[in-house]
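First to last, the protein sequences are chains A and B. The first sequence begins at 1 in the numbering used here and counts up by one. The second sequence begins at 110 in the numbering used here and counts up by one.
If you're looking for bench data, these hints aren't it; they were derived computationally from the structure. No experiment lies behind these values; they were computed from the predicted model shown. There may be inaccurate statements among the hints.
What the hints assert, rightly or not - FRET-style restraints, in silico, Cβ to Cβ: (1) A/Gln104 - B/Glu213: 20 to 26 Å; (2) B/Arg207 - A/Glu67: 27 to 33 Å; (3) B/Ile121 - A/Pro39: 16 to 22 Å.
Heads up, the beta-carbon is just placed ideally off N, CA and C, and yes, glycines get one too.
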Amino acid sequence: GIQVEQSPPDLILQEGANSTLRCNFSDSVNNLQWFHQNPWGQLINLFYIPSGTKQNGRLSATTVATERYSLLYISSSQTTDSGVYFCAVTTGGGNKLTFGTGTQLKVEL
Amino acid sequence: DTGVSQNPRHKITKRGQNVTFRCDPISEHNRLYWYRQTLGQGPEFLTYFQNEAQLEKSRLLSDRFSAERPKGSFSTLEIQRTEQGDSAMYLCASSLARDREATEAFFGQGTRLTVV
Chain A
1 GIQVEQSPPD LILQEGANST LRCNFSDSVN NLQWFHQNPW GQLINLFYIP
51 SGTKQNGRLS ATTVATERYS LLYISSSQTT DSGVYFCAVT TGGGNKLTFG
101 TGTQLKVEL
Chain B
110 DTGVSQNPRH KITKRGQNVT FRCDPISEHN RLYWYRQTLG QGPEFLTYFQ
160 NEAQLEKSRL LSDRFSAERP KGSFSTLEIQ RTEQGDSAMY LCASSLARDR
210 EATEAFFGQG TRLTVV
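Could you put together the complete structure from these sequences and hints?
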């Protein structure tokens, strides 16, 4: 099956810093989503981005499907950005999401 | 209807007992998915329904696990004869899709199961 790898696995930032999270996938995809998992375990939708670039406030994402990667940019980070960030993809007939390994982000004052 | 709802949020059970979880999807969504997440890992797919039909099951879904979506609305996931290895967060998601297109999935808050 498809492999989804995220980097870095862990990231510590000072509040106000910018960061880039990367998601690499091993096969063609027809759906890619970025999620933020909060401390209570809920997955919060950030972007539905099978290709192209989208922005939402301090967050933006770019997926280059032909090169099999996606990037999540976080600008002016805040302590509330802390948590685990997952990318997830669907392939082929495209129903179930395959999740990446996650990036654990901690934003400190 | 503001999102996917799961009940209970937490469940502690003794090994060998049966447990049942419920998921209410976003009302107009025809697809419903179950995932399992263990500590430090990403969620893993268990099974999914389109309307009331269960269309795919993962090899992770042993014969002790059964899922239903009887009227194409809410779904239940039952685990029989629970084992300590079943301890995990069980996540439900839903999406609106036509034919085989892939669309955005939305997740519930999850049910955290602890088997003692």
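Cross-check of the supplied hints:
1. A/Gln104 - B/Glu213: 20 to 26 Å: At roughly 24 Å between Cβ atoms, B/Glu213 and A/Gln104 fall inside 20 to 26 Å, so the hint holds.
2. B/Arg207 - A/Glu67: 27 to 33 Å: Holds: the Cβ-Cβ distance is about 29 Å, inside 27 to 33 Å.
3. B/Ile121 - A/Pro39: 16 to 22 Å: This hint holds: roughly 20 Å between Cβ atoms.
Going through the hint list in order, the structure satisfies each hint without exception.
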